[in-house]
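Keeping their order, the protein sequence lines are chains A, B and C.
Quick note, the first sequence lines up with residues 1 to 173 if you use this note's numbering.
Quick note, the second sequence lines up with residues 1001 to 1102 if you use this note's numbering.
Quick note, the third sequence lines up with residues 2001 to 2478 if you use this note's numbering.
A hint or two may mislead.
Beyond 10 angstroms from chain A on every Cβ pair, some chain C residues (computed) [to be verified]:
{"hint": "1", "residue": "MET2023"}
{"hint": "2", "residue": "GLY2076"}
{"hint": "3", "residue": "GLU2094"}
{"hint": "4", "residue": "GLY2098"}
{"hint": "5", "residue": "ALA2110"}
{"hint": "6", "residue": "LEU2112"}
{"hint": "7", "residue": "LEU2132"}
{"hint": "8", "residue": "TYR2138"}
{"hint": "9", "residue": "THR2469"}
Derived lysine-lysine pairs resembling DSS-like cross-links, with alpha carbons at most 27 angstroms apart [as the list claims (entries may be wrong)]:
{"hint": "10", "chain 1": "C", "residue 1": "LYS2095", "chain 2": "C", "residue 2": "LYS2186"}
{"hint": "11", "chain 1": "C", "residue 1": "LYS2095", "chain 2": "A", "residue 2": "LYS161"}
{"hint": "12", "chain 1": "B", "residue 1": "LYS1090", "chain 2": "A", "residue 2": "LYS161"}
{"hint": "13", "chain 1": "A", "residue 1": "LYS161", "chain 2": "C", "residue 2": "LYS2029"}
{"hint": "14", "chain 1": "C", "residue 1": "LYS2186", "chain 2": "A", "residue 2": "LYS128"}
{"hint": "15", "chain 1": "B", "residue 1": "LYS1087", "chain 2": "C", "residue 2": "LYS2186"}
{"hint": "16", "chain 1": "A", "residue 1": "LYS128", "chain 2": "B", "residue 2": "LYS1090"}
Hints in this document: simulated from the structure, not taken from any laboratory.
Ideal Cβ positions, reconstructed from N, Cα and C, are used throughout, including at glycine.
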Amino acid sequence: MTIAFYVASAVALFATLMVVTRRNPVHAVLYLMVSLLAVAVVFFTLGAHFAAALEVIIYAGAIIVLFVFMIMLLNIGPPPSTRQESLLLTPGIWVGPSALSVLLAGLFLYVILAGGRSVQAGSYVDAKTVGISMFEIYFLGVELASMILLAGLVGAYHLGKRDLPDEAEGGNG
Amino acid sequence: MTSVPMDHGLLLAGLLFAVGLAGVLVRRNILYVLMSLEIMMNSAALAFVVAGARWSQPDGQIVFIFIVTVAAAEVAVGLALVYQMFKRMKTLDADAASLMRG
Amino acid sequence: MTEAQFVALSPLILVGLAALVVMLAASFKRSNGLALGLTLAGFAASLVSLAWAAKVAPVQVTPLILIDRLALFYLGLVFLTGAAVALLGHGYFEKRAGYRDEFYMLLLMATLGAGVLVATTHFAALFIGLELLTISLYALVGYTRTEPRSLEAGLKYLVLATVSTSFLLFGVALLYAELGTMEFGKMVDLIRQGGHRETLVNGAIALVGIGIGFKLALVPLHMWTPDVYEGAPAPVTAFVATVSKGAMTAVLLRLYLLVGGAIPDSVMTLLSVIAILSMFVGNLLALLQDNVKRILAYSSIAHLGYLLVAFIAGGNFAPEAVTYYLIAYMATSLGTFGMVSVISGREREAEELRDYAGLFWRRPFEAGVFAAMLMSLAGIPLTAGFIGKFYLLAAGVDMGAWVLLGSVVINSALGLFYYLRIVASMYAAETSAKPGAAAREVALLGSATLAALALCLIWLGVFPAGLITLIRSAVLGV
Chain A
1 MTIAFYVASA VALFATLMVV TRRNPVHAVL YLMVSLLAVA VVFFTLGAHF
51 AAALEVIIYA GAIIVLFVFM IMLLNIGPPP STRQESLLLT PGIWVGPSAL
101 SVLLAGLFLY VILAGGRSVQ AGSYVDAKTV GISMFEIYFL GVELASMILL
151 AGLVGAYHLG KRDLPDEAEG GNG
Chain B
1001 MTSVPMDHGL LLAGLLFAVG LAGVLVRRNI LYVLMSLEIM MNSAALAFVV
1051 AGARWSQPDG QIVFIFIVTV AAAEVAVGLA LVYQMFKRMK TLDADAASLM
1101 RG
Chain C
2001 MTEAQFVALS PLILVGLAAL VVMLAASFKR SNGLALGLTL AGFAASLVSL
2051 AWAAKVAPVQ VTPLILIDRL ALFYLGLVFL TGAAVALLGH GYFEKRAGYR
2101 DEFYMLLLMA TLGAGVLVAT THFAALFIGL ELLTISLYAL VGYTRTEPRS
2151 LEAGLKYLVL ATVSTSFLLF GVALLYAELG TMEFGKMVDL IRQGGHRETL
2201 VNGAIALVGI GIGFKLALVP LHMWTPDVYE GAPAPVTAFV ATVSKGAMTA
2251 VLLRLYLLVG GAIPDSVMTL LSVIAILSMF VGNLLALLQD NVKRILAYSS
2301 IAHLGYLLVA FIAGGNFAPE AVTYYLIAYM ATSLGTFGMV SVISGREREA
2351 EELRDYAGLF WRRPFEAGVF AAMLMSLAGI PLTAGFIGKF YLLAAGVDMG
2401 AWVLLGSVVI NSALGLFYYL RIVASMYAAE TSAKPGAAAR EVALLGSATL
2451 AALALCLIWL GVFPAGLITL IRSAVLGV
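Take these sequences, add in the hints, and give me the full structure.
Here it is in structure tokens:
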């Protein structure tokens, strides 16, 4: 299991790097899927089986599908927009932000490893325990999460809806 | 279960977080930016699960569930905004779509 | 859940319920007036239930939420502001094409999120309240779907807010990994006891600070403010400027009271630098703008800098000074952005400085109210803004924080300059204003709301004692 953790971590990291460097959005989405599945394996090795299942079902299953659906809807093929891709190739665009991110990663490295006293992670917490705790201690959180989903639903519905007849002619910047 | 040091789990989350941030900062295509945001949220969720596993508490996984819920709602609204934007401006390039300056 | 807990939660439950009722009503009959009526009824019911809840307070409902007097006071503030935004939105959206009912649903849900924030004692609830607030706000900021600037503002807000939330979450995760709890009180105790990895905890607190600082738009994290304020519909801008910042301030206040003011000097120095930068950057950049919404956006950055000064230099007065300053700031911001929405016309918003040229001669009432609001922002005597500034300065003199005080004074002078610029342009002769910006019809409800706000401001500026007593009993009685 320990080996599984490190292999899955390597896969997750590699796939995530591929997501942010791909040109074709469909490829990026597929790599994102791989990355999320690898993280699900990490969850499994840590003993969080329930979280692993949810990662596969909701993240990889639902959220990624939304992305694929949107790419299909907008119908953007391999060269999405040549301008931004050629921009991406000039180092001036990506060197600064990348350096910033490497700096952040270095800071994480320092902050997490400083002090050195390492604790073992990975004790099995089963779905039943999670469920009991969720509906006893965190039930208000569950109720509010339902409101969040409702807000997302109303927001997406409003933004995605067809224009009213009197709306279409107004404000075309 | 396993004998993975907690710090290694947190470190993986930290690295994923940094890669996600790089994606947000570097990419101009708004779809990639949204994907990178997902990576960042997911890495924070990973950190919670690792922390929960260290204490053998369910709280880490519960916060993970909340984060997944939020991510789903966020993607829905985000993609709806992208869809409207694309419909009106015919571009996904965040720079070209930038009308406000100052 | 016991009865006392249910009673304590009733203000939050009623606001959530109101969102559902508005949604149900919209499925039968879409009507701007009906939706407004139901929304106001919901807010009124919650406000009444505050008195009911006050009888049982303080009540801890699960580790997540604590309804105490501080929470009740801020809940009242948040609900009143929400109701005012609903009133302003009615007139604003009445003039515009498109669907209107969703505005009220999203507004109620965002207010519920803010309400959770002010009552939270647990980082999981903090996260959920924050997200309920922001996810509703993404849609509200991008509400005018035909206006590309509104959509752009919505997307920008979404991207930047999600990044900042991720920072916050990661920080909380690190804290949880080290301390094993997410409850504010227990965390503070554990950190005080020591025996954990200092670097990790400090790094994690910095990450959480980034998340909170973004919401308050303090200086290195203020970049989103002008664009979002400009692009969002004016009533929504009023909401972003008041409720979302007010709720975050309440969270900070709760943490501050838990820590008991025992903040290390290095952190204090860092906060002072942030406060000074916020004041100067906000005010100096506001001088360069010609767009009224952008001017007010930069001025709000500066005002949050002043608010931070109240935290730093306040000492024992801090909770009181912060709350008073916040109320003055919220009332005036609501008034100024409300004014932009009331005098905006059918085609576009009155956001350019020249749209205001000659306003005094065309709409003397609105111009007078607007001038009063701006004077309060500038901190002229006889307004609430003056008492807020006075509190700040008095607290600062008490603590001997001279550098901060000097910056506050210099910045108040800078601020006066651009507030007067707007006032002067209202009294100037009418020039070639771009067509379409002036409203032909008066939004009666909006104007009445603004008049009430202006009266409030002057009342609080002349007779502040009543409110101060109320604040004392709320923040010191916790």
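Results of checking the hints against the structure:
Non-interface status of C:MET2023 relative to chain A is broken: a Cβ of that chain comes within 10 angstroms, the nearest being about 7 angstroms off. Listed as a non-interface residue, C:GLY2076 keeps its Cβ farther than 10 angstroms from every Cβ of chain A; the least gap is roughly 20 angstroms. Every C-beta of chain A lies more than 10 angstroms from that of C:GLU2094, the closest at about 13 angstroms, which supports listing it as non-interface. At the 10 angstroms boundary, the C-beta of C:GLY2098 falls inside the reach of chain A, the nearest C-beta of that chain being 5 angstroms off.
Against the 10 angstroms criterion, C:ALA2110 falls within the reach of chain A, whose nearest CB is about 8 angstroms from its own CB. Its closest Cβ contact with chain A, about 6 angstroms, brings C:LEU2112 to no more than 10 angstroms, contrary to its assignment away from the interface. A cut-off of 10 angstroms between C-beta atoms contradicts the statement that C:LEU2132 is not in contact with chain A; the least separation is 5 angstroms. Its closest Cβ contact with chain A, about 6 angstroms, brings C:TYR2138 to no more than 10 angstroms, contrary to its assignment away from the interface.
The non-interface label for C:THR2469 is consistent with chain A: the shortest C-beta to C-beta separation is roughly 32 angstroms, beyond 10 angstroms. The straight-line distance between the Cα atoms of C:LYS2095 and C:LYS2186 is roughly 51 angstroms, outside the 27 angstroms bound, and the hint therefore fails. Taking the CA atoms of C:LYS2095 and A:LYS161, the gap is near 20 angstroms; set against the 27 angstroms cutoff, the hint holds. At most 27 angstroms may separate the alpha-carbon atoms for a hinted pair to count; B:LYS1090 and A:LYS161 meet this at roughly 18 angstroms.
Annotation: proposed proximity of A:LYS161 to C:LYS2029 holds, straight-line Cα distance about 18 angstroms (limit 27 angstroms). Restraint check for C:LYS2186 and A:LYS128: the C-alpha separation of about 26 angstroms stays at or below 27 angstroms, so the hint holds. Using a Cα cut-off of 27 angstroms, the hinted pair B:LYS1087 and C:LYS2186 is violated, with the two alpha carbons roughly 50 angstroms apart. Simply put, A:LYS128 and B:LYS1090 have alpha-carbon atoms about 49 angstroms apart, too far for the 27 angstroms limit, and the pair is violated.
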